[in-house]
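Chemist: Once you have looked at the hints, place chain B on chain A.
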Amino acid sequence: GQQVMQIPQYQHVQEGEDFTTYCNSSTTLSNIQWYKQRPGGHPVFLIQLVKSGEVKKQKRLTFQFGEAKKNSSLHITATQTTDVGTYFCAGDSGGYQKVTFGTGTKLQVIP
Amino acid sequence: SQTIHQWPATLVQPVGSPLSLECTVEGTSNPNLYWYRQAAGRGLQLLFYSVGIGQISSEVPQNLSASRPQDRQFILSSKKLLLSDSGFYLCAWSVRSGSTGELFFGEGSRLTVL
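Protein sequence lines, in the order shown, are assigned to chains A and B.
The opening residue of the first sequence carries number 1 in the working numbering; numbering runs sequentially from there.
The opening residue of the second sequence carries number 1001 in the working numbering; numbering runs sequentially from there.
Isolated chain A, as found in the complex (with noise of 0.2 Å):
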């Protein structure tokens, strides 16, 4: 079946710094969907990215899907405090609406 792996599965920043976590998909997808889980928190729909090569810019994140629709990655620049969370990657692989999960990767500021 359809794997989403992410990388790192932690990392820990000092405020200020830059961030940056990647995901890979075992199959093509049609559509890449990142999401923010803060602690003890439901995870909360960040974008979608549908076509190969996309770049959508969010303030400080910056959200990329590969040419080949089977990775993607979210950039956070100057890291804040506010950052704090796990960040999902999502995709559905052929339009059924089955959406897995990444791994996630969890992100830590330090202030």
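Possibly wrong hints are sitting among the right ones.
Stated by the list, open to error - A short list of chain A residues far from chain B (calculated; beta carbon distances all over 12 Å):
{"no.": "1", "residue": "16"}
{"no.": "2", "residue": "20"}
{"no.": "3", "residue": "55"}
{"no.": "4", "residue": "62"}
{"no.": "5", "residue": "67"}
What the hints assert, rightly or not - Listed next, with one range per pair, are the computed distances between beta-carbon atoms:
{"no.": "6", "chain 1": "B", "residue 1": "1099", "chain 2": "A", "residue 2": "1", "range": "18 to 24 Å"}
{"no.": "7", "chain 1": "B", "residue 1": "1107", "chain 2": "A", "residue 2": "81", "range": "22 to 28 Å"}
{"no.": "8", "chain 1": "A", "residue 1": "41", "chain 2": "B", "residue 2": "1077", "range": "24 to 30 Å"}
Calculated directly from the structure, the hints in this document are not laboratory data.
Ideal Cβ placement from N, Cα and C applies to all residues, glycine included.
Modeler: Just chain B now, kept in the frame of chain A:
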């Protein structure tokens, strides 16, 4: 506006007891519905998803089952809980369209099996 309700929020159950978690969505029609489980400090495991009443796709059969008796109601059940069933259960919905869109999650149900 659309809302999703999930209950109970927390429960502690003995091994071998039954389970019923309920999720309802308001303010939308014909949603896709999902059940995920998250073990402590881990990722989200897709358990079941449904694109319509009576249509359930199972990803992890084991001892869990799901039902969708009404368009906006999704129920997760077990006849006999195992220790390994402990975790954070999340219900989610999305708009049904040609491609999968944003998932909206409920607040979650934290299950501890003793």
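Chemist: All hints, please: hold or fail.
Modeler: Going down the list of hints, with the structure as the test:
With a least beta-carbon separation of about 26 Å from chain B, residue 16 (chain A) lies farther than 12 Å from that chain, consistent with its non-interface assignment. With a closest Cβ-Cβ approach of about 18 Å to chain B, residue 20 (chain A) is found to remain outside the 12 Å limit, as its non-interface label requires. The beta carbon of residue 55 (chain A) is kept farther than 12 Å from every beta carbon of chain B, the shortest such distance being approximately 19 Å. Every beta carbon of chain B lies more than 12 Å from that of residue 62 (chain A), the smallest distance being close to 19 Å; the non-interface claim holds.
With a minimum CB-CB distance of about 19 Å to chain B, residue 67 (chain A) clears the 12 Å threshold, and the non-interface call stands. Restraint check, residue 1099 (chain B) to residue 1 (chain A): a C-beta distance of roughly 20 Å satisfies the suggested window 18 to 24 Å. Look at residue 1107 (chain B) against residue 81 (chain A): about 24 Å separates their beta carbons, and that is inside 22 to 28 Å. Between residue 41 (chain A) and residue 1077 (chain B) the beta carbon distance is about 25 Å. The supplied range of 24 to 30 Å therefore holds.
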